[in-house]
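Student: The chain contents come next:
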Amino acid sequence: MLLIKCPYCQEDRPEIEFSYSGEAHIARPLNPDDLSDEEWAEYLFIRSNRRGLHHERWLHAHGCARFFNALRDTVSDKFELTYKMGEPKAQVKK
Amino acid sequence: MTLHRKPEYGRVNRGKPINFSFDGKIYSAFDGDSLASALLAHGVHLVGRSFKYHRPRGFVAAGPEEPNALVTFDRGPGRVTPNVRATTLEVFDGLVAHSQNNWPSLTFDMGAVNDLFYMLFPAGFYNKTFMWPKSFWDRVYEPAIRKMAGLGPAPIDEDADIYASQYMHCETLIVGAGPAGIAAALAASEKPGRVILVDEQYEFGGSLLSTPNMVINDIPAWQWLEDSLAILKARENVTLLTRTTVIGYYHENFLGAVERITDHEKDLSSHKPRERLYKIRAGEVVLATGAIERPLVFQSNDRPGVMLASAAHTYLNRYGVVVGEKIALFTCHDSAYEVIFDLADAGISIAGVIDVRDQVSETIIAAAKARNIEILTGTIVSGTSGKFRVSSLRASKIEDGKITSTWEIACDCLLMCGGWTPSIHLFSHSKGSLKWREDLGAYIPDNPNENVISVGACNGTFGLRKIMTEGAGGSTEYQVNAGAFGSGIIPATFPTEGDPAKVKAFVDFQNDVTEKDINLAVREGLKSIEHVKRYTTTGMATDQGKTSNLNALQIAAKAVYKPVQQVGLTTFRPPYTPTTFGALVGGKDGHSFHVIRKTPMDGWAEDHGAVFEPVALWRRARYFPRDGEDMLAAVNRECLTTRCSLGIFDASTLGKVEVIGPDAAEFMNRMYTNPWLKLKPGSCRYGLMLGEDGYIMDDGVIGRLAENHFHVTTTTGGAPRVFRMMEDYRQTEWPELDVWLTSTTEQWAVIALNGPNARKLIEPFVEGIDLSEEKFPHMAVREGRICGVETRLFRVSFSGELGFEINVPAHYGRALWETLFIAGQKYDITPYGTETMHVLRAEKGFIIVGQDTDGTVTPMDVGMSWAIGKKKKDFVGKRSLSRPDIMAEGRKQLVGLLTDDPNIVLEEGAQLIANPEQSIPMDMIGHVTSSYWSATLNRSIALAMVKNGHALTESNVYIPMPGKIYKAQVSKCVFYDPNGERLNVI
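Residue numbers (our numbering), protein chains in the order written: chain A, 1 to 94; chain B, 1 to 986.
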């Protein structure tokens, strides 16, 4: 069971307190009506499904109930770092 | 009479003799014996039949790696455990165990004919031999194979024991309390952090328990052990866990361990849990899990009496049991000589040592000579004889890789040593990488993936001094009397006499996989060890190949002419040893298996004979039968009473969310399809929520209590996901909105009153709210008091009748319910449940999200375009409503169905067809989503999703059901009171 650091609680907490919420940094378009069907489909359905470091959203469901962003390795499963919503997208070190 | 004990040997408690039963026969034993040692003390070597060929099998090992000696541990009904390794089962007075996989008996087993027809069971035989005729598989082959092959039968009674689990935390977890682990614990516990030392055996000591002649820092090994454990026990930061197997090593130093608490206890009346699962989070993990001796792969190496040299050592020194009267050794490694010398020193006759190697060291030769033991170098064992126990071996001289001469040597026990395999299972669970050690012919830990170190034999370090010094992390230098551990070669395979295709040299004893099976798999094109494993099933038995994996790997490597590293290694997976379901379930069985949510009025419903059904995690009253009514009779009565007079319904399970803040209306406007900005405080509106994909996600009535305050209701099952989705948008998409969300589902009890007398009933109890039609119209909400309790009173209806939903703080729910129920007697009030609720709403054509919709249904599909705020710029799901597939023709749409025969109630889920004359497979145009008998209409009604259904009104469709195809006419969804006049009771 992973330990996950909630950036709001500033504590390492067990994985069972959290739930996964999909890929991060996919902002809802401000004016959906301006998008073509293809662009809207891209936003709705297309995800990067990355092997390796992946930007994800997590919810501290049984804790502070806040969504946050994380950089996690999909091979080792481990979290590289977590950060608050609204903070810049974490850079992946090459 | 015990014949095979050495009185001056062993750690068993001779002052405490006990009796046990195996296959119905009573044997004596001593406290401290394992079932294996106790049976061997009586000369019992035959303990089971093999998986596939039903060959007689005995003990190979003395520890948890044992592949053969699986027994059923029988403590009576509800306490039968199959496939227990006899080598790890502690004997207590009265223990009962049975042998497995034999019929009618262990010595006369009909299944042994399989051994004669071995050509039918080659590698991959499941896929080959039983392929034809196809119809034979279900009727003949599979039942026969299931009967003949296998392990002990799974228990059928409910488990009579209880199980426990707990979390533990420590700075250092040490797995394995052999010399390395104890040295590590002594060193680690000098620092202030918490130390947990775990060992699967009932006694700490590991290999030291089998080597009393060792001297550590000038102290005899067993004395050193006692002293060290006393030191550890005295340290407050140390927790010692015996009989505890670490079964899995998970992310970030999270390990699972199972402690066996009562399996060794005679008396079960203490009600202690049988086992306890520890979930341990450790700062650092020290693996000191030792190594497992490797069998040698030669013809008939599976005969009872053929066992690992280390096992004989343990039986002698730990249990005082001699495994034979004339013992031979077949080895390729120096380490086994210590065993044979110990046995000779105990006065046991040694039949000879057969060593594959051309040369052994002068020291060994001298020590052998001193004991008058003959060493045959450059020699192999090419076979064994004996019915249920080895009686002789065939020794063959090897020159240039070929057998040049063969002769018989009589023996009643043959020890084998094929080198040592470090126990890297847990390290492997933790995803650490491995490296190949050519000199050991084994993998050892390389780069760790967690904060873990491996010490001692599991790290490829051998020799007591080195092991202990490594365990201590260099902090202590240990001096021991033992000589060098020595070395060996890894021969993998041996030349054979005669036709190699007829040789049965076993690699995996538990799954009956032989050397030729692996060679055959390679010849048939399986080059990766993962494929060889699955094809031959080697290493796939309950022991996960603890004794067989590396032999299989090396045989496969040899067959493909590749270095072992290129053939790979199969992955170890938890659990390390078989684990009971009970331990994993812990206390969460029966009623505590999963949460049952109950409303404040649940007890009243139970007292009044309600029949319940599960709805999400809730249990809800389904109907309230009176005087022996069945469900249909009860529901008919409940429906008619509600329509004619008054029904009372517990709606507390509805999800509730408080939406509060200056931007509350804007937030609602974005989350729901409907317009909210202009809804007046005190009014309600039916809210429809879509996913961003445009499909209906949830619905519910929402009341605006004030400009900045909404009381939202959701479906019962949808409450958690709706709340989560709202929070998601609030926190991540629209953080600029000044709005708060609070789940209040469990804070309110909700009583729904429906029927023409609903207002009359509540009128006397309500204060502060004018209930008149003009002041409190349909779809209004008011705050006031009822029976003196604060209430949010909704005038809403999910039945089509005059209806109120009375919200009161949860703990007043039952009292209010009882008050209203008593007062309602003059209106012949009926409590009703979810079934009647469903019928009443279906008569009105109201959908249930999740029943009439399935996650691919749009508002237009169910005729709810009216719920979409046409002028709104945006809301969740809006853009998707103009996606091409959602605008396209031919979508399924919600319609009503009226069967030609009004007495026929269609099956929910039944498929619809347009033309019953078409050939099979028929073109299915839709399905029934809801279907009931309507007592009010005195006929059946149904809702269905039908392709282009809105255009099919009044046309016929057909519904095939078991035995008959029924005809129905497509109708509007509203079957009753289409103009809604019944809402307006004055």
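Hint data in this document are derived by calculation from the structure and do not stem from the laboratory.
Errors might be hidden in some of the hints.
[Said to hold, decoys possible] From chain B, some residues computed to sit far from chain A (all C-beta separations above 10 angstroms):
#1 Phe73
#2 Phe254
#3 Asn449
#4 Glu692
#5 Pro735
#6 Ala780
[Stated by the list, open to error] With a cut-off of at most 30 angstroms between alpha-carbon atoms, the simulated DSSO-like pairs for lysine-lysine come out as follows:
#7 A:Lys89 <-> B:Lys588
#8 B:Lys266 <-> B:Lys588
#9 B:Lys326 <-> B:Lys402
#10 A:Lys5 <-> B:Lys431
#11 A:Lys5 <-> B:Lys964
#12 A:Lys93 <-> B:Lys266
#13 B:Lys266 <-> A:Lys5
#14 B:Lys279 <-> B:Lys397
#15 A:Lys5 <-> B:Lys844
#16 B:Lys233 <-> B:Lys466
#17 B:Lys504 <-> A:Lys93
#18 A:Lys78 <-> B:Lys844
#19 A:Lys89 <-> A:Lys5
#20 A:Lys78 <-> B:Lys431
#21 A:Lys78 <-> B:Lys466
#22 B:Lys266 <-> B:Lys233
#23 A:Lys89 <-> B:Lys326
#24 B:Lys272 <-> A:Lys84
#25 B:Lys279 <-> A:Lys78
#26 B:Lys775 <-> B:Lys947
Note that this is a predicted model, so its numbers are computed, not measured.
The C-beta atom is built at its ideal place from N, Cα and C for all residues, glycine as well.
Student: All hints are to be evaluated individually against the structure, with a verdict given for each.
Tutor: Do the hints match the structure? See the list:
no., hint, verdict
1, Phe73, "31 angstroms, holds"
2, Phe254, "5 angstroms, violated"
3, Asn449, "7 angstroms, violated"
4, Glu692, "6 angstroms, violated"
5, Pro735, "7 angstroms, violated"
6, Ala780, "32 angstroms, holds"
7, A:Lys89 <-> B:Lys588, "41 angstroms, violated"
8, B:Lys266 <-> B:Lys588, "26 angstroms, holds"
9, B:Lys326 <-> B:Lys402, "28 angstroms, holds"
10, A:Lys5 <-> B:Lys431, "22 angstroms, holds"
11, A:Lys5 <-> B:Lys964, "61 angstroms, violated"
12, A:Lys93 <-> B:Lys266, "61 angstroms, violated"
13, B:Lys266 <-> A:Lys5, "47 angstroms, violated"
14, B:Lys279 <-> B:Lys397, "54 angstroms, violated"
15, A:Lys5 <-> B:Lys844, "51 angstroms, violated"
16, B:Lys233 <-> B:Lys466, "25 angstroms, holds"
17, B:Lys504 <-> A:Lys93, "55 angstroms, violated"
18, A:Lys78 <-> B:Lys844, "52 angstroms, violated"
19, A:Lys89 <-> A:Lys5, "17 angstroms, holds"
20, A:Lys78 <-> B:Lys431, "12 angstroms, holds"
21, A:Lys78 <-> B:Lys466, "35 angstroms, violated"
22, B:Lys266 <-> B:Lys233, "26 angstroms, holds"
23, A:Lys89 <-> B:Lys326, "74 angstroms, violated"
24, B:Lys272 <-> A:Lys84, "47 angstroms, violated"
25, B:Lys279 <-> A:Lys78, "19 angstroms, holds"
26, B:Lys775 <-> B:Lys947, "44 angstroms, violated"
Checked against the numbered hints above, the structure breaks hints 2, 3, 4, 5, 7, 11, 12, 13, 14, 15, 17, 18, 21, 23, 24 and 26 and satisfies the rest.
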